[in-house]
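J.: Chain by chain, the residues:
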Amino acid sequence: MQENEIIVIKGRGLSKYIGEGPALISYEPITFFGGVDPYTGIIIEHYHPLRGRCISGKVLVFPYGKGSTVGAYILYQLSKLNKAPKAIINIEADHVTIVGCVISKIPLIDRLEINPFSVIDESSYIIVDGIKGLVRVIKNKKIF
Amino acid sequence: MYLTKLQESMLKGEFGPAVQKAMEILVSLGDALGAEKLIPITSAHVSGVSYASIGDAGLSFIEDFASLGAKSRVITTINPAGADLMKWRRMGISEEFYEKQLRIINAFRKMGFQITCTCTPYLIDNCPNSGDHIAWAESSAIVYVNSVIGAKTNRESGPSAIASAITGYTPYCGYHLESNRVPSHRVKVNLKINTLLKASALGYLIGQELITGIPLLENLELQQDAKKDLLKAISAGLATSGGISLFYLEGKRIFPSRLEEYCVDRKDLLNIIEHFQECKIPEYIFIGCPHCSLSEIRELALMLGAQKIKKNVDFWIFTSREIFEKARAYGYVKVIEHAGIKVFCDTCPVVMPNEIIYNAEIITNSCKAAHYLTSLKKAKVTLMDLRSIIKLFTR
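Keeping their order, the protein sequence lines are chains E and G.
The first sequence begins at 190 in our numbering and counts up one residue at a time.
The second sequence begins at 554 in our numbering and counts up one residue at a time.
Calculated directly from the structure, the hints in this document are not laboratory data.
Please note that the accuracy of each hint is not assured.
[As the list claims (entries may be wrong)] Result set (DSSO-like, lysine-lysine): computed pairs, CA atoms no more than 30 Å apart in a straight line: (1) G/Lys879 <-> G/Lys780; (2) G/Lys663 <-> E/Lys269; (3) G/Lys663 <-> E/Lys272; (4) G/Lys558 <-> E/Lys294; (5) E/Lys205 <-> G/Lys558; (6) G/Lys653 <-> E/Lys255; (7) G/Lys833 <-> G/Lys864; (8) G/Lys863 <-> G/Lys833; (9) E/Lys255 <-> E/Lys294; (10) G/Lys624 <-> E/Lys205; (11) G/Lys861 <-> E/Lys205; (12) E/Lys199 <-> G/Lys558; (13) E/Lys272 <-> G/Lys590; (14) E/Lys269 <-> G/Lys624; (15) G/Lys944 <-> G/Lys781; (16) E/Lys255 <-> E/Lys269; (17) G/Lys879 <-> G/Lys833; (18) G/Lys663 <-> E/Lys294; (19) E/Lys269 <-> G/Lys741; (20) G/Lys590 <-> E/Lys199; (21) G/Lys640 <-> G/Lys663; (22) G/Lys861 <-> G/Lys780; (23) E/Lys294 <-> G/Lys624; (24) G/Lys864 <-> G/Lys780; (25) E/Lys294 <-> G/Lys653.
[To be verified] If you anchor each label on the Cβ, the simulated ranges turn out as follows: (26) E/Lys321 <-> G/Glu589: 54 to 60 Å; (27) E/Lys199 <-> G/Phe808: 41 to 47 Å; (28) G/Thr557 <-> E/Asp310: 27 to 33 Å.
Glycine included, each C-beta is placed from N, C-alpha and C at the ideal position.
Assemble the whole structure, with the sequences as input and the hints as a guide.
T.: This is the structure:
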């Protein structure tokens, strides 16, 4: 069996909760209002590279959020339906994502010391500690 | 970020779960924005009120928050709803929509917010003083209050304005700091602005060109007796096409002479107006984006006199309930309704449910309305000034 590789990265904890899950990566910004179905967590934005993928239960990695501030409420609705992401990692968090994460108790970290896109891929399992501002990236983790 | 003892205890939950949640929002935002502290505010204005805009997601957050015992600590007003709360049936609003809208309104009422339902709170009881720190959402009101009144606010969102209303604080950063309120561009206007349409187009044009930044408007001649209304229209235009939150008129203060320059002429203004000429057989005429002031309603009544509007077009004007009551007391509403025009309160064309005017053909004198009716409701919109509208559509 392959050995797990664990990378610990320091960042800025903006929503002070802890969560973990498999990574889902978007190199494009995410628009929550109008771009994510508030009942299923599926990305519905036209022409988005992740269109059709579901953000529920994932550690969602994307540069920043964009679009209407109503987007914060979409994250809240998803969390009430247990369809929210387990955590969010941004390059530079925006107003909508920050507010959305805080009201929904989703951990949020940005400004990682290492560019997350260079370390994290979709086989990574990620633990996000928004209190300490730490991200643990576990590669090749087998989940039984 | 530095927190006072009181703010610390709010964050720890000693003032209940709603204050705690609100404080978490402000601390996270403050940290992200690099604010050194939170400062007290004197007023809040909340956007995201229409059920058409915030849906079930927003409704559930606002109801949950109200049931946690959230109460405003400063004067707090709210933006337009998706329907006139009294005459909603006459707008074609469904029973289901109205019920959801009412739940949102009742949750805000429970929190102690004033049910003003207007984008122009500064025309009624929420008019801050120059220099006040405030937390406002609603982009057109932000520009007006920063620029014309001289109070200080960042561009807040619905939830961040709610958090500030509940705690009485906002992060000390952005436009709250005098050093961030210095003009970035000198805009030579060289125009006489005497209609709301021209004022609106001027704002829209500058917003489109600068995107962000703080313009200092020079050589701008505003018709004196309508100055406040014209500044309201300029503010809405600036906020619609760009992200501008503050502008200056020359003369008030001395500013650095070396600024990037930009010129606006008549042709640029006409280009904006010509961009919105899509309406062929008008079904609706919408006036009141931002909400009509008392003087605008008076002006409309004077223009109309005893004339009546042609029957094949639905002419709606929008204002706040408070201004409506004043206009009724002065007798303006009677003249306007006699002409066949409907006066609606509590709502506006931008936040009405899409299905009511989806794909409709609409005439308006507001670039903000034209912009959002085109993008949100896929309407075909033509811009026209009020005097021309009255001339063309009276019988």
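J.: CA of G/Lys624 to CA of E/Lys205, is that 30 Å or under?
T.: 24 Å, holds
J.: Would you check the hint for G/Lys663 and E/Lys272, treating anything up to 30 Å between C-alpha atoms as holding?
T.: Since the Cα atoms of G/Lys663 and E/Lys272 sit roughly 29 Å apart, the hinted pair holds (cutoff 30 Å).
J.: Taking 30 Å as the top limit, are the C-alpha atoms of E/Lys255 and E/Lys294 close enough?
T.: Holds: E/Lys255 and E/Lys294 sit about 20 Å apart, inside 30 Å.
J.: Against the 30 Å threshold, does the CA-CA distance of G/Lys640 and G/Lys663 hold or violate the hint?
T.: Satisfied, since the Cα-Cα distance of roughly 23 Å is no more than 30 Å.
J.: For the pair supplied as a hint, G/Lys879 and G/Lys780, is the alpha-carbon distance within the 30 Å limit?
T.: Satisfied, since the Cα-Cα distance of roughly 20 Å is no more than 30 Å.
J.: Given the hint that G/Lys663 pairs with E/Lys294, does the C-alpha gap stay at or below 30 Å?
T.: It holds: about 24 Å lies between the C-alpha atoms, which stays within 30 Å.
J.: Keeping to a limit of 30 Å between CA atoms, is the pair of E/Lys205 and G/Lys558 held or broken?
T.: Given that 30 Å is the threshold and the Cα spacing comes to 20 Å, the pair holds.
J.: Do E/Lys199 and G/Phe808 keep their Cβ atoms within the hinted range of 41 to 47 Å?
T.: Since the Cβ atoms of E/Lys199 and G/Phe808 sit about 42 Å apart, the hinted range of 41 to 47 Å holds.
J.: I want to verify a distance hint. Is the separation of the beta carbons of G/Thr557 and E/Asp310 within 27 to 33 Å?
T.: 45 Å, violated
J.: Keeping to a limit of 30 Å between CA atoms, is the pair of E/Lys269 and G/Lys741 held or broken?
T.: 52 Å, violated
J.: Hint check: G/Lys879 vs G/Lys833, CA-CA at most 30 Å. Holds or violated?
T.: 35 Å, violated
J.: Between E/Lys199 and G/Lys558, does the CA-CA distance stay at or below 30 Å?
T.: Given pair E/Lys199, G/Lys558 holds - Cα atoms ~29 Å apart, limit 30 Å.
The structure fails to meet hints 11, 13, 17, 19, 24, 26 and 28 from the earlier list, while all remaining hints are met.
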